[in-house]
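> Residue 141 in the working numbering is what sits at position 141 of the sequence shown, and the numbering runs on without skipping anything.
Please note that the accuracy of each hint is not assured.
[Said to hold, decoys possible] When the alpha-carbon atoms are kept at most 30 Å apart in a straight line, the in silico DSBU-like pairs for lysine-lysine are as follows:
1. 318 / 351
2. 273 / 77
3. 273 / 80
[Claimed, not checked] Ranges between beta-carbon positions, derived for each pair:
4. 212 / 298: 18 to 26 Å
5. 380 / 414: 43 to 51 Å
6. 379 / 140: 22 to 30 Å
7. 98 / 125: 36 to 44 Å
If you are wondering where the hints come from, they were derived from the structure by calculation, not from laboratory data. All values derive from a computational prediction rather than experimental measurement. Just so you know, even glycine gets a beta-carbon here, dropped at the ideal spot from N, CA and C.
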Amino acid sequence: MVPFPDRTGALMSPWLQNLLESPLFREPQLWRLASIPLTAAVVGWATNWIAIRMTFHPLRFLGIPPWFGWQGIIPRKAEKMARTFVDTSMQRLGSLPELFAERQPGVIAGHVERVLAPRLEHYTDDVMTASTGTLWQAAPLATRRRVYAAVGEQLPGLVRAVMAEIGSHVDDLIDFRHMVVTRLVQDRALLNRLFLESGAREFRFLIDSGYYFGFLFGLVQLGAWLLVETWWQLPLFGAMVGWATNWLALNLVFRPLNPVRIGPWRVQGLFLKRQSEVAVVWCHIVTREILTIRRLMASMITGPRAARAQEVIFRHLKPLVEEAVAAVGPLASLAMRPDDLVAIERQLERKAIAVSADPFLDERFNEERARVVEQLLIERMESLPPAEFQDLLRPCFKEDEWILITLGAVLGALAGLGQALFVF
């Protein structure tokens, strides 16, 4: 008889071929019994995979609201998770004034000057034309150049003064919680990534461990079946396997909280052991996609406290208007109407708000400022005690982990019932 080829293409060894051809391996009852631990392993793996999947997906509710359907636990509680992110994680890692100061307002002011300086003539033309109409267009070139020069001289001091005041009162000008919560609620996929990427290895363990734990529980189930063959054992043990594998895996991720020496081994929760690795991943996402200088400045100009921020900018713009009008010289006294000064001021304010985001669209500058803050956050996160560090990932399970464990039990019971009906 020709030996069977194995999966690698090599010939199967004769003793293994003889074993597989023996009457023992042709016995249907043997395969039924073997299906008990194997099914338990598959159930353990599948229930954990489904539990993780249902934690994060779908991003939007699918089904017939409010009861018939599902939305991932994290996306469904996006606002609460985002508030937890601000109130626990960020409060431990640094306040808004600290994070803004770390970005160096002086450096930011220099960048704003470099971006705006080449555009000043264009901005000035827009403001003066919108305010005075044909008067500005008809003004002599020498007059317009005096205004350009006056505005150019005022710009550096104006920008530095504005940035200095923002740095001193940033807590009053930016609603930090609103900025972060709005960002994460609008982009639930980003909220998912905070958990999925920082805890990637733990989630992989949660899924894979279901197979191994399920197999071990299946051996116990097999022993019970050999002692007493009752059909209800299969769904009962299936429920126990689904429940136990989820519960055990979750606890191994976060427990023990502090390292425990067991013989030659040092045991600690898997997530907690990777504190330095997680800090790098987590801080990279936070500084590039949540706490960017572009988003901070946009929140200041358009957020709930925009009126305060705009008042700061407008107050510093007044000398610029006066300087520009003085540069017009005799033209101002002869042709400009009394309300033209107010019109110029209002138009300048609108222009300032309209172009305020321009300097912060530069991705290289955002990346440069992000790296500065990232290092600070990493150092602080690495120094967090385990009880505080686990709060980065734990919230995504803590409140609704009973759902995941119960789901595992239900799916395990259904698998056991199917095994009782179709196998035994």
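> Next, verify each hint and record whether it holds.
These are the hints, each one checked on the structure:
1. For the proposed pair residue 318 and residue 351, the alpha carbon gap of about 14 Å is at most 30 Å, so the pair holds.
2. Distance restraint check for residue 273 and residue 77: the Cα-Cα separation of roughly 27 Å lies within the 30 Å cut-off, and the hinted pair is therefore satisfied.
3. Restraint check for residue 273 and residue 80: the C-alpha separation of about 27 Å stays at or below 30 Å, so the hint holds.
4. In this structure the hint that residue 212 and residue 298 lie 18 to 26 Å apart at CB is violated, the actual value being about 48 Å.
5. For residue 380 and residue 414, the hinted distance range of 43 to 51 Å is satisfied, since their beta carbons lie about 46 Å from each other.
6. A hinted range of 22 to 30 Å for the beta carbons of residue 379 and residue 140 is inconsistent with their spacing of about 59 Å.
7. Range check, residue 98 to residue 125: about 41 Å between beta-carbon atoms, so the 36 to 44 Å window is met.
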